[in-house]
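A.B. asks: The primary structure of each chain is shown beneath.
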Amino acid sequence: NAGVTQTPKFQVLKTGQSMTLQCAQDMNHEYMSWYRQDPGMGLRLIHYSVGAGITDQGEVPNGYNVSRSTTEDFPLRLLSAAPSQTSVYFCASRLDRSNTGELFFGEGSRLTVL
Amino acid sequence: GNSVTQMEGPVTLSEEAFLTINCTYTATGYPSLFWYVQYPGEGLQLLLKATKADDKGSNKGFEATYRKETTSFHLEKGSVQVSDSAVYFCALSHMDSNYQLIWGAGTKLIIKP
Chain D
2 NAGVTQTPKF
12 QVLKTGQSMT
22 LQCAQDMNHE
32 YMSWYRQDPG
42 MGLRLIHYSV
52 GAGITDQGEV
62 PNGYNVSRST
72 TEDFPLRLLS
82 AAPSQTSVYF
92 CASRLDRSNT
102 GELFFGEGSR
112 LTVL
Chain G
85 GNSVTQMEGP
95 VTLSEEAFLT
105 INCTYTATGY
115 PSLFWYVQYP
125 GEGLQLLLKA
135 TKADDKGSNK
145 GFEATYRKET
155 TSFHLEKGSV
165 QVSDSAVYFC
175 ALSHMDSNYQ
185 LIWGAGTKLI
195 IKP
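In order, the protein sequence lines correspond to chains D and G.
Residue numbers for the first sequence follow my numbering, beginning at 2 and rising by one.
Residue numbers for the second sequence follow my numbering, beginning at 85 and rising by one.
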């Protein structure tokens, strides 16, 4: 049972480059989300999706783009990388948008922007 | 708005010591409350949860009680082990926040043998 799979685990970019962080889940979860984790700031929500074809912005969406063409996949695109986007990124999913559901996390993608 | 405040770390304890990590929240009504744990180099995983007042969540020797009167959800363990070293996150979920999890900043726990 793979759960939530993120790739790549590590990435170094130069300022201005673009890239896509991949996220896939095999649990048939409706809800998927992307967070960034920075020291002393906890987790901040970037974008989320409550089903295929539906996405919405979180707390810190600027500079990121998402799409949800299938239930399984939820890629995060950095359009023009900036040093401020250096962070650890986590994809997470849960069965639905309910109040009580467990959120399942991937192992994270560490991004460095030079 | 809704918010979660947890004690700053790092918290350093000796093995077999008693652990308390404080967590308080601000929200109207009755949010659901969660503790997640992040071991080094890994993603977060659910440790325990409580969905209504006076509920006690428990798992792996950890416990937390949903106290509506003090708006708290403190994490406790009677005897910690080196393997409990991790970062612990308190979080809430509420319809007013569109069921998005609201996270505390995390508390790093270091257990020395």
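In case anyone wonders, no lab produced these hints; they're calculated from the structure.
Computed from a prediction, not measured in an experiment: that's the story for all the values here.
Here a beta-carbon is modelled for each residue, glycine too, at the ideal position from N, C-alpha and C.
Be aware that a few hints might be false.
One side of the interface only, derived from the structure: several residues of chain G facing chain D at Cβ under 7 angstroms [claimed, not checked]: (1) 114; (2) 135; (3) 138; (4) 184; (5) 187; (6) 190.
Okay, derived cross-link-like pairs now, DSS-like style, lysine-lysine, Cα gap no bigger than 30 angstroms in a straight line [what the hints assert, rightly or not]: (7) 161(G) with 140(G); (8) 192(G) with 144(G); (9) 136(G) with 152(G); (10) 10(D) with 140(G); (11) 10(D) with 192(G); (12) 140(G) with 192(G).
Okay, the calculated bits of chain G under chain D, using three or more residues with CB under 8 angstroms as the criterion [what the hints assert, rightly or not]: (13) 122–130; (14) 170–183.
A.B. asks: For this structure, which hints from the list above don't hold up?
C.D. replies: 1, 3 and 10
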